[in-house]
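Novice: This is what each chain is made of:
Protein chains: 2
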Amino acid sequence: MEKKVEKDNKGLTVGKKKDFSTWFSEIVQKAELGDLRYNVKGFLVFQPWSVLCMEKMYKHFEKVLQKKGHEPYFFPTLIPESNLKKEASHVQGFTPEVFWVTQGGDDVFEERLALRPTSETAFYQMFNLWIRSYNDLPFKAYQRANVFRYETKATRPFLRSREFHWIEAHCAHATEGDAMKQVEEDMETTKEVMHDIFGLPFIFFERPAWDRFHGAHRTFAADALNPDGRVVQQPSTHLLKQDFAKVFDVKFKDKDGKDKFVWITCYGPAMSRIFASVVSVHGDDKGLRFPWEIAPRHVAIVPIDNSKELVDKAKELKEKIGDFAEVVIDSSNKTPGEKFNHWEMKGIPVRIDLGKKELKEKKLCVFRRDLNKKEFIAEKELMSYLEKVKNECGKNLLKEADQIFKDRIVNVSNVREMKKAVGAGNIVRCEFCSIDRDGERCAEVIEKEVGVKVRGTNLKKEAVKGKCVVCGKKAGNVVYVARDY
Amino acid sequence: MEKKVEKDNKGLTVGKKKDFSTWFSEIVQKAELGDLRYNVKGFLVFQPWSVLCMEKMYKHFEKVLQKKGHEPYFFPTLIPESNLKKEASHVQGFTPEVFWVTQGGDDVFEERLALRPTSETAFYQMFNLWIRSYNDLPFKAYQRANVFRYETKATRPFLRSREFHWIEAHCAHATEGDAMKQVEEDMETTKEVMHDIFGLPFIFFERPAWDRFHGAHRTFAADALNPDGRVVQQPSTHLLKQDFAKVFDVKFKDKDGKDKFVWITCYGPAMSRIFASVVSVHGDDKGLRFPWEIAPRHVAIVPIDNSKELVDKAKELKEKIGDFAEVVIDSSNKTPGEKFNHWEMKGIPVRIDLGKKELKEKKLCVFRRDLNKKEFIAEKELMSYLEKVKNECGKNLLKEADQIFKDRIVNVSNVREMKKAVGAGNIVRCEFCSIDRDGERCAEVIEKEVGVKVRGTNLKKEAVKGKCVVCGKKAGNVVYVARDY
Numbered sequence: 252m253e254k255k256v257e258k259d260n261k262g263l264t265v266g267k268k269k270d271f272s273t274w275f276s277e278i279v280q281k282a283e284l285g286d287l288r289y290n291v292k293g294f295l296v297f298q299p300w301s302v303l304c305m306e307k308m309y310k311h312f313e314k315v316l317q318k319k320g321h322e323p324y325f326f327p328t329l330i331p332e333s334n335l336k337k338e339a340s341h342v343q344g345f346t347p348e349v350f351w352v353t354q355g356g357d358d359v360f361e362e363r364l365a366l367r368p369t370s371e372t373a374f375y376q377m378f379n380l381w382i383r384s385y386n387d388l389p390f391k392a393y394q395r396a397n398v399f400r401y402e403t404k405a406t407r408p409f410l411r412s413r414e415f416h417w418i419e420a421h422c423a424h425a426t427e428g429d430a431m432k433q434v435e436e437d438m439e440t441t442k443e444v445m446h447d448i449f450g451l452p453f454i455f456f457e458r459p460a461w462d463r464f465h466g467a468h469r470t471f472a473a474d475a476l477n478p479d480g481r482v483v484q485q486p487s488t489h490l491l492k493q494d495f496a497k498v499f500d501v502k503f504k505d506k507d508g509k510d511k512f513v514w515i516t517c518y519g520p521a522m523s524r525i526f527a528s529v530v531s532v533h534g535d536d537k538g539l540r541f542p543w544e545i546a547p548r549h550v551a552i553v554p555i556d557n558s559k560e561l562v563d564k565a566k567e568l569k570e571k572i573g574d575f576a577e578v579v580i581d582s583s584n585k586t587p588g589e590k591f592n593h594w595e596m597k598g599i600p601v602r603i604d605l606g607k608k609e610l611k612e613k614k615l616c617v618f619r620r621d622l623n624k625k626e627f628i629a630e631k632e633l634m635s636y637l638e639k640v641k642n643e644c645g646k647n648l649l650k651e652a653d654q655i656f657k658d659r660i661v662n663v664s665n666v667r668e669m670k671k672a673v674g675a676g677n678i679v680r681c682e683f684c685s686i687d688r689d690g691e692r693c694a695e696v697i698e699k700e701v702g703v704k705v706r707g708t709n710l711k712k713e714a715v716k717g718k719c720v721v722c723g724k725k726a727g728n729v730v731y732v733a734r735d736y
Numbered sequence: 252m253e254k255k256v257e258k259d260n261k262g263l264t265v266g267k268k269k270d271f272s273t274w275f276s277e278i279v280q281k282a283e284l285g286d287l288r289y290n291v292k293g294f295l296v297f298q299p300w301s302v303l304c305m306e307k308m309y310k311h312f313e314k315v316l317q318k319k320g321h322e323p324y325f326f327p328t329l330i331p332e333s334n335l336k337k338e339a340s341h342v343q344g345f346t347p348e349v350f351w352v353t354q355g356g357d358d359v360f361e362e363r364l365a366l367r368p369t370s371e372t373a374f375y376q377m378f379n380l381w382i383r384s385y386n387d388l389p390f391k392a393y394q395r396a397n398v399f400r401y402e403t404k405a406t407r408p409f410l411r412s413r414e415f416h417w418i419e420a421h422c423a424h425a426t427e428g429d430a431m432k433q434v435e436e437d438m439e440t441t442k443e444v445m446h447d448i449f450g451l452p453f454i455f456f457e458r459p460a461w462d463r464f465h466g467a468h469r470t471f472a473a474d475a476l477n478p479d480g481r482v483v484q485q486p487s488t489h490l491l492k493q494d495f496a497k498v499f500d501v502k503f504k505d506k507d508g509k510d511k512f513v514w515i516t517c518y519g520p521a522m523s524r525i526f527a528s529v530v531s532v533h534g535d536d537k538g539l540r541f542p543w544e545i546a547p548r549h550v551a552i553v554p555i556d557n558s559k560e561l562v563d564k565a566k567e568l569k570e571k572i573g574d575f576a577e578v579v580i581d582s583s584n585k586t587p588g589e590k591f592n593h594w595e596m597k598g599i600p601v602r603i604d605l606g607k608k609e610l611k612e613k614k615l616c617v618f619r620r621d622l623n624k625k626e627f628i629a630e631k632e633l634m635s636y637l638e639k640v641k642n643e644c645g646k647n648l649l650k651e652a653d654q655i656f657k658d659r660i661v662n663v664s665n666v667r668e669m670k671k672a673v674g675a676g677n678i679v680r681c682e683f684c685s686i687d688r689d690g691e692r693c694a695e696v697i698e699k700e701v702g703v704k705v706r707g708t709n710l711k712k713e714a715v716k717g718k719c720v721v722c723g724k725k726a727g728n729v730v731y732v733a734r735d736y
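Chains R and S, in that order, give the protein sequences. Going by our numbering, the residue at position 71 of the first sequence is 322; the numbering climbs one at a time, nothing skipped. Going by our numbering, the residue at position 98 of the second sequence is 349; the numbering climbs one at a time, nothing skipped.
A couple of the hints might just be wrong.
Intra- or inter-copy, both count: the list cannot distinguish identical chains.
[To be verified] Here are the computed lysine to aspartate or glutamate pairs in the EDC-like style, where the Cα-Cα straight-line distance is at most 16 Å: (1) K650 - E567; (2) K292 - E361; (3) K314 - D574; (4) K614 - D604.
Please keep in mind that the hints were generated in silico from the structure rather than gathered at the bench.
Sequences are here, hints too, so could you generate the full structure?
Specialist: The following block contains the structure:
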């Protein structure tokens with residue numbers, strides 16, 4: 252399966268903690284995750300190693316969504332401009348970022364068509380046709396799709412590209428209470444999949460009033476943390492209330508016989524961006540690391556030479572492992588050392604180094620990437636060893652990540668302390684006047700003086716005792732602030 | 252999972268054989284496969300029942316492709332116009348069908364960007380960067396993607412839409428012989444997946460010189476047959492030779508130390524169109540039918556009433572079936588009769604009708620859709636019954652389809668007979684002067700007089716004895732002609 256010859260067998264030239272930005276650029280290239288040389292600015296070619304992982308990520312998310320009653324759709328990529336214009340704050344927010352299709356063959360269109368930046372205005376016009384009565388609610392839909400944003404900010408591979416791969420879930424409910432329960436379910440789904448399976452820690456914040464999704468009444472977003480102390484916004488879920496329902500006239504006949512507007516929520520986990528966090532959080536100075544459940548492949552068998560004896564043995568082991576794990580045999584022309592480095596860079600959970608000595612002794616030299624630990628096992632123990640790594644490696648990565656995340660949340664009580672803590676790469680917790688519109692001025696002060704954004708409040712209401720770190724007025728909330736990209 | 256109330260519980264109003272066109276339109280709507288009311292012409296909203304099936308189809312194709320050494324990529328949806336223009340016959344063929352992106356936000360682009368109609372010109376410029384030596388060959392890549400064609404022909408849901416969902420595989424080889432072997436492998440893959448798993452009969456034809464893919468030297472395409480006697484072009488595979496390699500300068504250093512151009516092949520199975528054939532070939536006058544392996548869901552449990560006793564029993568059975576099959580419990584407010592019709596329309600392979608009498612007797616009333624057969628089994632036999640249906644239903648559908656397909660290939664020896672046989676809905680086999688450029692005039696005569704196209708020659712060289720059915724000259728090939736859309 253893995254036949255390509257590495258063009259550059261050298262490892263990473265910098266440590267992840269020392270120079271994260273260079274580390275990330277290098278790993279994208281050297282582990283062959285994505286190629287930036289495609290000739291449209293801000294677009295990336297996703298290479299096999301990232302696609303295989305992202306496909307598994309899709310599978311986990313879709314499984315949980317379907318279990319919770321969401322049904323899959325494929326909507327058209329194109330949305331008429333008039334749809335986007337229907338909801339005022341939505342169009343205002345997204346229009347500067349839209350790619351426009353204006354021609355088909357030699358025809359110039361009367362109305363421009365947007366490459367979907369997100370699909371609220373596509374889904375809800377169909378909700379209008381599909382939803383009739385309370386029996387149809389909750390209506391829980393999603394699609395796996397790629398979306399397009401003509402970003403003006405600098406793009407970064409996986410983290411922020413002009414085309415990215417995501418899931419967007421759109422739901423309609425009979426009451427605001429049901430809608431809020433959906434928002435909570437979305438947050439729980441994020442935890443079940445992104446934390447428990449992918450091993451990524453995050454905090455779900457309710458975003459301040461000035462930082463909501465365009466068209467949303469309440470926005471909740473999961474911030475993950477990169478090694479450089481910057482947060483990355485991962486899945487967000489939004490209470491859109493009835494605004495979109497009103498402009499697209501999505502009504503249902505309730506049990507009391509009355510026609511009512513539905514309450515809408517939407518939720519968007521972006522696989523390509525979550526992949527960026529998987530790389531950034533789990534990787535180390537040798538390369539990638541993956542939880543078993545989303546590893547592109549599980550086991551690499553490396554014959555020390557390409558003699559028939561060793562290659563045949565590799566095939567025999569692959570056969571034996573069968574469906575339990577996805578196995579790659581590396582019979583390329585590289586030296587053993589190059590092969591070892593290659594598979595450490597690629598983050599394969601288990602490597603089996605196959606030499607003649609081990610063959611004779613019926614032993615195997617195995618290397619597990621989560622612990623970077625090499626050991627010898629009896630050949631007959633192989634399956635139980637793989638079972639053990641399968642069970643442990645995700646847990647080990649998660650534990651390590653959780654600890655780092657926890658250690659980097661720091662309390663401060665004034666702007667000077669905030670500067671220092673942020674400079675050391677932390678997420679900072681402080682008391683703050685208000686996340687309603689009233690607080691926006693204080694947030695601007697923080698952004699200007701410290702270069703960080705107010706990410707919002709924790710979901711668990713936290714006790715407030717003192718004063719706003721900026722204006723000194725009585726604090727209304729505990730907020731978190733952090734650098735982003 | 253299935254909570255929606257049917258808006259129209261009436262079944263299909265026409266028979267599939269009697270009026271296929273109406274039957275197909277009705278089933279798309281009544282089985283909730285796709286919604287044509289989206290407000291961009293020629294675009295379709297794919298609804299859950301088609302998406303679930305297509306996702307399984309993707310899984311089967313990707314599994315086989317990966318097993319045969321193809322690796323997955325995600326390429327950008329946008330291709331610069333200058334890329335498309337590089338290969339003369341390619342641009343000529345595709346330009347009239349391209350949707351053009353000309354603006355991003357308020358910026359007007361200097362160069363137009365195509366929504367990919369197909370991705371040769373995206374992949375091969377990257378092949379230029381990735382392929383260096385014979386060690387890199389064969390280079391076998393594919394992507395799962397949606398593509399866009401500004402069709403001027405009438406669109407039909409799934410069969411021909413302006414956006415469709417496919418896989419495109421692109422491979423580079425060291426020699427023409429290796430490339431032709433790839434073409435053969437692609438045809439074998441098509442058989443393994445589309446025939447053996449999806450149950451669809453087809454013939455792979457080598458297309459005549461005047462009907463090749465834009466830019467190809469040889470084109471091989473699988474024609475499936477609809478009940479109205481029209482053929483549908485399913486996956487095609489193309490020998491592009493070295494034309495694209497030359498314009499994109501894709502060279503490799505061969506074992507002899509010389510730089511050579513690679514030989515390129517491409518292959519494209521379109522899930523949305525294959526889905527159209529699954530619907531058309533397997534469906535009957537009650538609705539859809541599916542082979543188990545691609546059925547959106549496998550079992551529907553229908554409690555005769557929504558009493559706690561029966562619903563609890565349904566849940567218990569679902570639990571018992573576990574991972575063996577995907578189970579839906581229909582506790583909607585419909586009458587039992589409506590529910591039965593609904594699940595027959597949806598083509599669920601097994602329905603379990605749950606009444607109090609059966610509950611008491613520890614029996615189950617089961618209905619299998621492949622044979623439209625209802626029977627009573629002991630509850631304890633459920634798993635072996637499901638096992639049996641799983642093993643048999645795909646085979647039954649395939650056998651039925653193969654027989655119909657075989658019976659509709661008819662030999663003719665003149666144009667009069669051809670007219671008659673085509674009129675009766677057959678694929679017609681006849682002797683013909685030539686599928687090189689020389690034969691194009693005779694093909695035009697057939698198209699004008701009979702309204703059919705020459706589909707090409709069978710892969711197995713067939714013995715030629717007589718004269719061309721049109722011009723009377725010595726025949727060079729046995730060809731097949733058929734109506735298409």
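Novice: Taking the hints in turn, state whether each one holds.
Specialist: Results for each hint:
Proximity of K650 to E567 under the C-alpha cut-off of 16 Å is found in neither arrangement, the shortest distances being 35 Å within a copy and 37 Å between copies. Proximity of K292 to E361 under the C-alpha cut-off of 16 Å is restricted to the inter-copy arrangement: shortest distance 13 Å between copies versus 27 Å within a copy. For the identical chains of this complex, K314 and D574 are inter-copy neighbours only, at 13 Å across copies versus 20 Å inside a copy, given an alpha-carbon limit of 16 Å. With identical chains, the CA atoms of K614 and D604 are at most 16 Å apart within one copy only, with a shortest distance of 10 Å there and 56 Å across copies.
Violated hint for the displayed structure: number 1, the only one.
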